[in-house]
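So the sequences go chain by chain: Z and G. Each residue of the first sequence is one higher than the one before, counting from 519 in the working numbering. Each residue of the second sequence is one higher than the one before, counting from 2 in the working numbering.
Hints listed in this document are in silico derivations from the structure and should not be mistaken for laboratory results. Be aware that one or more of the hints could be misleading.
To be verified - Computed cross-link-like contacts, SDA-like style, restricted to lysine to any residue with a CA-CA straight-line distance of at most 25 angstroms:
#1 Lys567/Z x Glu664/Z
#2 Lys691/Z x Arg597/Z
#3 Lys21/G x Ser645/Z
#4 Lys21/G x Gln641/Z
#5 Lys648/Z x Thr111/G
#6 Lys32/G x Lys691/Z
#7 Lys648/Z x Phe36/G
#8 Lys20/G x Leu676/Z
#9 Lys648/Z x Asp10/G
#10 Lys572/Z x Asp9/G
#11 Lys32/G x Arg566/Z
#12 Lys21/G x Lys572/Z
#13 Lys572/Z x Ala637/Z
#14 Lys689/Z x Arg539/Z
#15 Lys32/G x Phe590/Z
#16 Lys648/Z x Asp9/G
#17 Lys32/G x Glu535/Z
#18 Lys32/G x Pro651/Z
#19 Lys567/Z x Asn41/G
#20 Lys20/G x Glu699/Z
#21 Lys21/G x His589/Z
#22 Lys682/Z x Leu692/Z
#23 Lys20/G x Glu535/Z
#24 Lys682/Z x Glu664/Z
#25 Lys567/Z x Gln596/Z
#26 Lys691/Z x Asp10/G
#27 Lys572/Z x Leu593/Z
#28 Lys648/Z x Asn41/G
#29 Lys572/Z x Glu699/Z
#30 Lys682/Z x Ala637/Z
#31 Lys20/G x Lys572/Z
#32 Lys21/G x Glu664/Z
#33 Lys572/Z x Leu647/Z
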Amino acid sequence: MTPQDSAQIDWNQVVDELGPRLFRYFVMRFSDQDSDDLTQETLIRLVRKVEEHKFDPLKGNLAMLAFGIAHFVALESQRFDILRTADSLEDHWESHSQDLIQDQLQDPFNLLDYLQSQAEIQQLRTSILKLAPIEQQVLSLMIDQELSLLEISAVLELPEGTVKSHIHRCKAKLLRIFEQEASL
Amino acid sequence: MNDQNNFDDIQLILNQFRKKNPSTTQVARWKRAVFLTQQNNSRGDIPSASSHAPLQLSSKASPNVPSHESSHQSSQTSSSGSLEPRVIMAKSNQGFSWSQLVAASVVGFTIGALLFGHSIFLQTNPSENDSAEIALQSPGDATFEHIITKN
Numbered sequence: 519m520t521p522q523d524s525a526q527i528d529w530n531q532v533v534d535e536l537g538p539r540l541f542r543y544f545v546m547r548f549s550d551q552d553s554d555d556l557t558q559e560t561l562i563r564l565v566r567k568v569e570e571h572k573f574d575p576l577k578g579n580l581a582m583l584a585f586g587i588a589h590f591v592a593l594e595s596q597r598f599d600i601l602r603t604a605d606s607l608e609d610h611w612e613s614h615s616q617d618l619i620q621d622q623l624q625d626p627f628n629l630l631d632y633l634q635s636q637a638e639i640q641q642l643r644t645s646i647l648k649l650a651p652i653e654q655q656v657l658s659l660m661i662d663q664e665l666s667l668l669e670i671s672a673v674l675e676l677p678e679g680t681v682k683s684h685i686h687r688c689k690a691k692l693l694r695i696f697e698q699e700a701s702l
Numbered sequence: 002m003n004d005q006n007n008f009d010d011i012q013l014i015l016n017q018f019r020k021k022n023p024s025t026t027q028v029a030r031w032k033r034a035v036f037l038t039q040q041n042n043s044r045g046d047i048p049s050a051s052s053h054a055p056l057q058l059s060s061k062a063s064p065n066v067p068s069h070e071s072s073h074q075s076s077q078t079s080s081s082g083s084l085e086p087r088v089i090m091a092k093s094n095q096g097f098s099w100s101q102l103v104a105a106s107v108v109g110f111t112i113g114a115l116l117f118g119h120s121i122f123l124q125t126n127p128s129e130n131d132s133a134e135i136a137l138q139s140p141g142d143a144t145f146e147h148i149i150t151k152n
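Same shape as in the complex, but just chain Z (with noise of 0.2 angstroms):
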């Protein structure tokens, strides 16, 4: 099968399978809100990629093709200073997610739970932009346990050693930022 046809393919199984995968690839790096935003765009470009014919299952799957897309929506926003840094994520307890704690509310201790979740997780995510970019890139496509190594080298257009090296040296400098953390 050459070039696929946008009519060939079910969108809404599509948004079903990769949109969660595409949300979880941003959040570790934007918050919530700017996560669904980003997801968003990275549909649209890609079901515009497969109208334009430029998708060929020969060269990749539909997913490869999301993060690469996923990828490049990413740097794009950061190139154009529209997000964040960790200072300015502070703001994502009043905005985002309003129909998340909504779900929540209906449990008080699932509430906790919830509310202690995203704690953790912004003071991970402070560590993590604290990464060189092409670091935090690495660690946001390994999110995904879906994508193997050499289609995350492939994603990054970077031999798979060298994506090897970038995981090691993620792991050394988080390790030294967590004890930096714990030490204040």
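Given chain Z, put chain G in place with the hints provided.
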């Protein structure tokens, strides 16, 4: 082996983020956005810059939209559970690119030359005439330095 250790440690960190899931409202909104894009494409419409494309996120609104207004809009969207895709405003380029700066300086220089060039030449011509006069009056002293100091 070493790789495996690295990966395990990193996986522990990543697991925190893997707990994050979009709400059903968010997924429904994305589906709607995808559907609208498909519709626009099949009609042959050129999607407008303000409808979806790059890339001003609604939380930090475009220069035209005050931030309080955009956050108000987004919270409205969330609380009402609207399935309409959020509009991602196109961001205007606030800075100048190098090519714009070069073009501006060329235009500025040309206009400047047209406006002031004539009077500059009027000023320099007499001095050239003076030098010629000095050279005529005392040909022996008419060195370059002389002309310069005289002027």
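Here is what the structure says about each hint:
1. The straight-line distance between the Cα atoms of Lys567/Z and Glu664/Z is roughly 22 angstroms, inside the 25 angstroms bound, and the hint therefore holds.
2. The suggested pairing of Lys691/Z with Arg597/Z holds, with an alpha-carbon distance near 24 angstroms, which does not exceed 25 angstroms.
3. For the hint linking Lys21/G to Ser645/Z, the alpha-carbon distance of about 18 angstroms falls within 25 angstroms, and the restraint holds.
4. Between Lys21/G and Gln641/Z, the direct Cα distance comes to roughly 15 angstroms. Compliance with the 25 angstroms bound is thereby established for this hinted pair.
5. Of the pairs offered as hints, the one joining Lys648/Z and Thr111/G is violated, with about 48 angstroms between alpha carbons and a cut-off of 25 angstroms exceeded.
6. A C-alpha spacing of about 38 angstroms is found between Lys32/G and Lys691/Z, which places the hinted pair above 25 angstroms, so the restraint is violated.
7. For the given pair, Lys648/Z sits about 37 angstroms from Phe36/G by alpha-carbon distance, which is inconsistent with the 25 angstroms threshold.
8. Taken as a hint, the Lys20/G and Leu676/Z pair is broken in the structure, with Cα atoms around 28 angstroms apart against an allowance of 25 angstroms.
9. Distance restraint check for Lys648/Z and Asp10/G: the Cα-Cα separation of roughly 18 angstroms lies within the 25 angstroms cut-off, and the hinted pair is therefore satisfied.
10. Restraint check for Lys572/Z and Asp9/G: not satisfied, since their Cα atoms lie roughly 36 angstroms apart, outside the 25 angstroms limit.
11. A hinted pair counts as satisfied when its Cα atoms are at most 25 angstroms apart, and Lys32/G with Arg566/Z qualifies at roughly 14 angstroms.
12. For a cut-off of 25 angstroms, the pair hint linking Lys21/G to Lys572/Z is broken: about 31 angstroms separates their Cα positions.
13. Taken as a hint, the Lys572/Z and Ala637/Z pair is broken in the structure, with Cα atoms around 41 angstroms apart against an allowance of 25 angstroms.
14. Between Lys689/Z and Arg539/Z the alpha-carbon distance is near 23 angstroms, which keeps this suggested pair within the 25 angstroms criterion.
15. Straight-line distance between C-alpha atoms of Lys32/G and Phe590/Z comes to about 21 angstroms, which keeps the hinted pair within the 25 angstroms bound.
16. Distance hint between Lys648/Z and Asp9/G is fulfilled; the C-alpha atoms sit about 21 angstroms from each other, no more than 25 angstroms.
17. For the hint pairing Lys32/G with Glu535/Z, the CA-to-CA distance comes to about 11 angstroms; that is within 25 angstroms, so the pair holds.
18. For the given pair, Lys32/G sits about 30 angstroms from Pro651/Z by alpha-carbon distance, which is inconsistent with the 25 angstroms threshold.
19. A C-alpha spacing of about 14 angstroms is found between Lys567/Z and Asn41/G, which places the hinted pair at or below 25 angstroms, so the restraint holds.
20. Proposed proximity of Lys20/G and Glu699/Z is supported: the alpha carbons are some 23 angstroms apart, at most 25 angstroms.
21. For the hint pairing Lys21/G with His589/Z, the CA-to-CA distance comes to about 19 angstroms; that is within 25 angstroms, so the pair holds.
22. About 15 angstroms separates the Cα atoms of Lys682/Z and Leu692/Z, which keeps this hinted pair within 25 angstroms; it holds.
23. Distance hint between Lys20/G and Glu535/Z is fulfilled; the C-alpha atoms sit about 16 angstroms from each other, no more than 25 angstroms.
24. Using a Cα cut-off of 25 angstroms, the hinted pair Lys682/Z and Glu664/Z holds, with the two alpha carbons roughly 17 angstroms apart.
25. The straight-line distance between the Cα atoms of Lys567/Z and Gln596/Z is roughly 22 angstroms, inside the 25 angstroms bound, and the hint therefore holds.
26. For the given pair, Lys691/Z sits about 12 angstroms from Asp10/G by alpha-carbon distance, which is consistent with the 25 angstroms threshold.
27. Taking the CA atoms of Lys572/Z and Leu593/Z, the gap is about 21 angstroms. The hint holds against a cut of 25 angstroms.
28. Proposed proximity of Lys648/Z and Asn41/G is contradicted: the alpha carbons are some 40 angstroms apart, above 25 angstroms.
29. Taken as a hint, the Lys572/Z and Glu699/Z pair is broken in the structure, with Cα atoms around 46 angstroms apart against an allowance of 25 angstroms.
30. For the proposed pair Lys682/Z and Ala637/Z, the alpha carbon gap of about 29 angstroms is over 25 angstroms, so the pair is violated.
31. For the suggested pair Lys20/G and Lys572/Z, the alpha carbons sit about 33 angstroms apart, so the restraint of at most 25 angstroms is broken.
32. About 16 angstroms separates the Cα atoms of Lys21/G and Glu664/Z, which keeps this hinted pair within 25 angstroms; it holds.
33. Taking the CA atoms of Lys572/Z and Leu647/Z, the gap is near 33 angstroms; set against the 25 angstroms cutoff, the hint is violated.
Violated hints, in rising order: 5, 6, 7, 8, 10, 12, 13, 18, 28, 29, 30, 31 and 33; the structure is consistent with all others.
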